[in-house]
Each structure stands twice: as C-alpha cells, then as structure tokens.
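1 is the number of the first residue of the sequence shown in our numbering; add one for each residue after it.
One should not assume that every hint holds.
Claimed, not checked - With a cut-off of at most 20 Å between alpha-carbon atoms, the simulated EDC-like pairs for lysine to aspartate or glutamate come out as follows:
1) 139 to 112
2) 64 to 110
3) 42 to 4
4) 3 to 37
5) 116 to 84
6) 30 to 4
7) 64 to 4
8) 109 to 120
9) 38 to 11
10) 30 to 11
11) 38 to 4
12) 38 to 84
13) 139 to 102
14) 64 to 106
15) 42 to 84
16) 42 to 21
17) 116 to 106
18) 139 to 110
Stated by the list, open to error - Simulated restraints, written as ranges between beta carbons of each label pair:
19) 103 to 3: 38 to 44 Å
20) 139 to 68: 25 to 31 Å
21) 62 to 105: 19 to 25 Å
No lab work stands behind these hints, which were simulated from the structure alone.
Don't be surprised by glycine CBs; every beta carbon is placed ideally from N, CA and C.
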Amino acid sequence: ICKESCAAMADCSYLMLQSKEVDGSNRMAKLALIILEKLQAKQYFSRVYAAIYGGVFCWCNNLKLSIPLLSQGYQEGMLIGDIESAFINVIGFLHNRFLVGDALAELGKDIDIYRKRMVEYGQVSSRAITAPLQQTVSKLIHFSGDQSS
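Please take these sequences and the hints and turn them into a complete structure.
Laid out in structure tokens, this is it:
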C-alpha cells in the first residue's frame, strides 16, 4: 500500500457503481479515505473526494451531506494544483445543490462564477458538463418570475 492506493481504491469504488455493487463500493470508498488520512496523501485529496463524494456517497447518504465535502475537495484541489479534480468536485457540488433544492438565484450566481473559473483554468469539459445545469437553472428562474428564489 502506498499513497497512490487511496486514489486507485476511490476510482475502483466509483467504477463498482456501474455494476450496481453499492455495498462493495461503499466499503472500498471507506478504505480509500482511511488510506488517504493515514498516509497523508494530500496530493490525491481532491481526486479521492471527487470519486467518493460525487459517486458512492450519493448512493448511500443524503445528498446534502456531500455538498460541503465536494466544496472541500474543490478547495484542496485548487490549493495543490489538481485543477481537473477540483472542478470535478465543483460539478458534483453544483448538481447536488440543484437536486436538494438550494435557492435557484444563489445557485445560478454560483454556477456563473464557477463556469468563469473553468474558462480561466482551461477546463473546457467541466464547463461543457455544467452547461445544461446552467440553462435549466436560468430557465427555472426566468419562468418562476422570482429572481430571489
């Protein structure tokens, strides 16, 4: 076991969801988090959080609980320079906020802020992935007539 093991286990945990192996995925995710902490593998923090809190955690827990953890994954990724993983955390962060019913006006502003950052950091695919969410939130705000909702 080495520092990279936490990232490998987190990725495997995420992949196990494709075969609906939720219990095994959850166990592997917990092991990945233990390895991340024990080996202080900070360089993999954002990648591990994206896979776990944007994946298996959402199958086993209330989505609201993942929101601060995905935000933390973004912040840590930006601090260490893991920009791609940081923005993968943001994608989960924004989508989960929408799914739990966060205020649309505030969410819309945050989507705009993060999408601008995605351009600044050259994260074209992350920006493209968030486009449907931005359009959906924008249309819901427009058609509700309540800009402060």
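**Item:** Pairwise beta carbon distance, residue 103 to residue 3, judged against the given window 38 to 44 Å
**Value:** 39 Å, holds
**Message:** Hinted pair, alpha-carbon criterion (20 Å max): residue 116, residue 84. Please report holds or violated.
**Reply:** 15 Å, holds
**Asked** Does residue 42 pair with residue 84 here, judged by a C-alpha cut-off of 20 Å?
**Response** 15 Å, holds
**Asked** When you check the alpha-carbon spacing of residue 139 and residue 110, does it fall within 20 Å?
**Response** At roughly 15 Å apart (the allowed maximum being 20 Å), residue 110 and residue 139 satisfy the hint.
**Item:** Straight-line alpha-carbon gap residue 38 to residue 84, limit 20 Å
**Value:** With Cα atoms ~24 Å apart, residue 38 and residue 84 exceed 20 Å; violated.
**Message:** Between the alpha carbons of residue 116 and residue 106, is the straight-line distance 20 Å or under?
**Reply:** Holds, at roughly 16 Å.
**Message:** For residue 64 and residue 106, compute the direct alpha-carbon distance and say whether it is at most 20 Å.
**Reply:** 16 Å, holds
**Prompt:** Does residue 11 lie within 20 Å of residue 30 when you go C-alpha to C-alpha?
**Reply:** Measuring from Cα to Cα gives roughly 12 Å; hence the hint holds.
**Asked** Has the given pair, residue 64 with residue 4, been kept, meaning a C-alpha gap of at most 20 Å?
**Response** Violated. Residue 64 to residue 4 sits at ~28 Å, over the 20 Å cutoff.
**Prompt:** Is the straight-line distance between the alpha-carbon of residue 30 and that of residue 4 20 Å or less?
**Reply:** 15 Å, holds
**Item:** Given hint residue 4 paired with residue 42 - CA-CA distance at most 20 Å
**Value:** Cα-Cα ~10 Å, so holds.
**Asked** Are residue 139 and residue 68 spaced within 25 to 31 Å by their CB atoms?
**Response** For residue 68 against residue 139, whose Cβ atoms are near 27 Å apart, the range 25 to 31 Å holds.
Violated hints, in rising order: 7, 12, 16; the structure is consistent with all others.
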